[in-house]
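Novice: Residues per chain, in single letters:
There are 2 protein chains.
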Amino acid sequence: MISIAILGHGVVGSGVVEIINNNINKLNEKIGEEIKIAKILVRDVKKHLNKVNSNLLTDNIEDIFSENVDIVVEVMGGIDPAYDYIKKFLNLKKHIVTANKDLIAKHGDELLDMAKENGVRLHFEASVGGGIPILRPLSECLSGNNFNSINAILNGTTNFILSRMDKDNMDYEEALKYAQELGFAEANPESDVMGYDSARKLSILSTIAYNEKVNWEKIHIQGITDIDKNDIEFAKKIGCRIKLLGISKKENGNIYASVRPVMVNKDSSIGKIEDEFNGIVLDGDAVGNVMFYGKGAGKLPTASAVFGDIVDIIQNNRQKLACFNKKEALIQKNYQNKCKWMVRVKTENKHEIMKELADFEKFYLDINKEFKNEVIALIEVENEEILNEKINKLKKIPNVYDVKSIMVLGDN
Amino acid sequence: MISIAILGHGVVGSGVVEIINNNINKLNEKIGEEIKIAKILVRDVKKHLNKVNSNLLTDNIEDIFSENVDIVVEVMGGIDPAYDYIKKFLNLKKHIVTANKDLIAKHGDELLDMAKENGVRLHFEASVGGGIPILRPLSECLSGNNFNSINAILNGTTNFILSRMDKDNMDYEEALKYAQELGFAEANPESDVMGYDSARKLSILSTIAYNEKVNWEKIHIQGITDIDKNDIEFAKKIGCRIKLLGISKKENGNIYASVRPVMVNKDSSIGKIEDEFNGIVLDGDAVGNVMFYGKGAGKLPTASAVFGDIVDIIQNNRQKLACFNKKEALIQKNYQNKCKWMVRVKTENKHEIMKELADFEKFYLDINKEFKNEVIALIEVENEEILNEKINKLKKIPNVYDVKSIMVLGDN
Chain A
1 MISIAILGHG VVGSGVVEII NNNINKLNEK IGEEIKIAKI LVRDVKKHLN KVNSNLLTDN
61 IEDIFSENVD IVVEVMGGID PAYDYIKKFL NLKKHIVTAN KDLIAKHGDE LLDMAKENGV
121 RLHFEASVGG GIPILRPLSE CLSGNNFNSI NAILNGTTNF ILSRMDKDNM DYEEALKYAQ
181 ELGFAEANPE SDVMGYDSAR KLSILSTIAY NEKVNWEKIH IQGITDIDKN DIEFAKKIGC
241 RIKLLGISKK ENGNIYASVR PVMVNKDSSI GKIEDEFNGI VLDGDAVGNV MFYGKGAGKL
301 PTASAVFGDI VDIIQNNRQK LACFNKKEAL IQKNYQNKCK WMVRVKTENK HEIMKELADF
361 EKFYLDINKE FKNEVIALIE VENEEILNEK INKLKKIPNV YDVKSIMVLG DN
Chain B
1 MISIAILGHG VVGSGVVEII NNNINKLNEK IGEEIKIAKI LVRDVKKHLN KVNSNLLTDN
61 IEDIFSENVD IVVEVMGGID PAYDYIKKFL NLKKHIVTAN KDLIAKHGDE LLDMAKENGV
121 RLHFEASVGG GIPILRPLSE CLSGNNFNSI NAILNGTTNF ILSRMDKDNM DYEEALKYAQ
181 ELGFAEANPE SDVMGYDSAR KLSILSTIAY NEKVNWEKIH IQGITDIDKN DIEFAKKIGC
241 RIKLLGISKK ENGNIYASVR PVMVNKDSSI GKIEDEFNGI VLDGDAVGNV MFYGKGAGKL
301 PTASAVFGDI VDIIQNNRQK LACFNKKEAL IQKNYQNKCK WMVRVKTENK HEIMKELADF
361 EKFYLDINKE FKNEVIALIE VENEEILNEK INKLKKIPNV YDVKSIMVLG DN
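Protein chains in written order, with the UniProt record's numbering: chain A, 1 to 412; chain B, 1 to 412.
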């Protein structure tokens, strides 16, 4: 008999309870193990009485510390108090399954070490890509590869907003409001729209792929809040869609990592990922490009990943994912490869700007009155440093109000 | 020290040797295990002397039976003698990793039982989707799901041929010849172009997904050998591409399974899979649609999957994939769902045919002289049985020479 405690009974927690209950017979039949939920930690017991047997509920973490459970599932989210709870459970030699990307991106290395010292396991498949199997395929099935790059849409909220802007001609504010109405965006959308959520997930993926710690706070992070209709329009003009991409590359021992809006070919595998879906493209030296695609969030998709981790622990009581390296990677903030960039220059001095951009592909944006005094060009540069020099030069031209740039990736 | 024997040193076998040698240090660092190749079975030792240390080579299987190895990697292919060898190794309590889809589709259930009885493991990730991680994600990460359907491009050769017909206007014979020149098709392409290879892989996937044996010899199998330019042209006209799909669905306790050419929306995730790539879409009740995409064959992609299985065995000495059910599924040969079909009727009696098809969308194919006397219609029917009745009726009309139909799937 495997006994499980669940910390949290919100959207994901209630999904985990549902999937465990649906699979009790199957587990018994397939692997000959009985499984039961022993305790569920909630903030307010009264609020959950109509959904769960009251004997299971507690609002006191001490009840769970003292309960004889085998596996603790943490689906509360956030660093505090989840971090302290998990450390205590690891020291009590309990296996942990968590969906908590904030916690793993920040303390994954330390917690995995503690799990190893205590002879128990810590799994977090649900922390990246929701229900999409990605961490286990990456760290186990593909362990014979050295990875060259990761290109991924890791946040469903922002992809939903960008899809509405692209397909339904909404502006950013409208699309955000619509996403909030449908439950795809939270009341405070900061973590999603500013790119922090994607950055945490990219850090977890990259740390495993390159076997060096990619600290999410050290990477370049740019969200989608200043994407406007004209950016979308321009992307369409060149056969692209704007996506919030997590990108990391390993080159010459350094790692470039960033989260930023990128114009990707609308017919590429990443360009085709719409609405709330996520997609992750890994480039391994043996396997080439592999893509994983599916729903990156939601009650049952996330609970599906949590359940997979529970089964893995039941089937195999050994530490496996010991490859969350502490050694910090050398992270480059600037994109190191030659590529095209869209550069938008707001100016009353079009003539001068166009002279400056004479060598590049040019467009004259005249979509609506607000943006009338604007030159847009597609410029190809060797790397982002050179782009930044160019932009600084443009900014110094008299009567230039603003210069904006978005990367254009042709591949994938 | 983990000692490995490899049966076969062809394309995949030499890839496995390469990846093992490239990863010896990494394995040692990550999981503290040393690994060595102890013996390689080849047909003719002389042919391999310039590639491998001669001490490792043998043409006598008895040398490997008597060697003290932990894991045997079988990359010879075919049923005979691989089947007898693997049974003997399982009885000798050796773990097995194989890339052999023919063998697993035919004897997977028996061999997994033998592995279980002997307390060793049998893994075959490389048998489906080449380097794409699919069997382990399906059977482990997604084990909390009941699967509704699988839609997949499982054969790179046929997808390459169909891509050439679609993109480069080649006819079938030209495209096949081109694929053979590039090494994407074998001199005898039967197993690929007739759909048998896809059917074996679909049977392995479906047996795991539905936990019932889906015998590949009992499913409807139709290859791509009679696809002509007009089929491709017609598919384009309705916004589709023709793909050789492995399709299975579980409905009301029955399983529908088939391999057949299908017209899929060119903008769908499956429609976008071009050239030699494979893609597998699983629909699970918790996770929704997830897709796995990458190179389905080739030296290093396949070896990457074999290596992942080796590492899994080293890390975890317990039987896990015990879910290859012996109990045969009730398999339906006819497609049970309402969908559209393209129906091509060669006739000198157009008037009568068009009367018969009056209720459906009609097209008049007039692309070249050979096909002049032809009516094409898109007809929507409740299921394939009704389609077949309709086709039989059409065939009985005087001066009808031939009736051909291809399924049109709008989703994915």
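It cannot be assumed that every hint is accurate.
[Said to hold, decoys possible] Each pair of labels, with its calculated beta carbon distance range:
1) B:Leu92 / A:Gly32: 50 to 60 Å
2) A:Lys333 / B:Lys333: 39 to 49 Å
3) B:Asn55 / A:Asn252: 56 to 66 Å
[Unchecked claim] Covered, in the sense of this in silico footprint (three residues per stretch, anywhere, with C-beta under 8 Å from a C-beta of chain A), are these stretches of chain B:
4) 264-276
5) 288-295
6) 338-348
Think of the hints as simulated: they come from the structure by calculation, not from any bench.
Using N, Cα and C, we set each Cβ at its ideal position, and we do this for glycine too.
Novice: Checked against the structure, which of the hints given earlier come out wrong?
Specialist: The structure breaks hints 1, 2, 3, 6; every other hint is satisfied.
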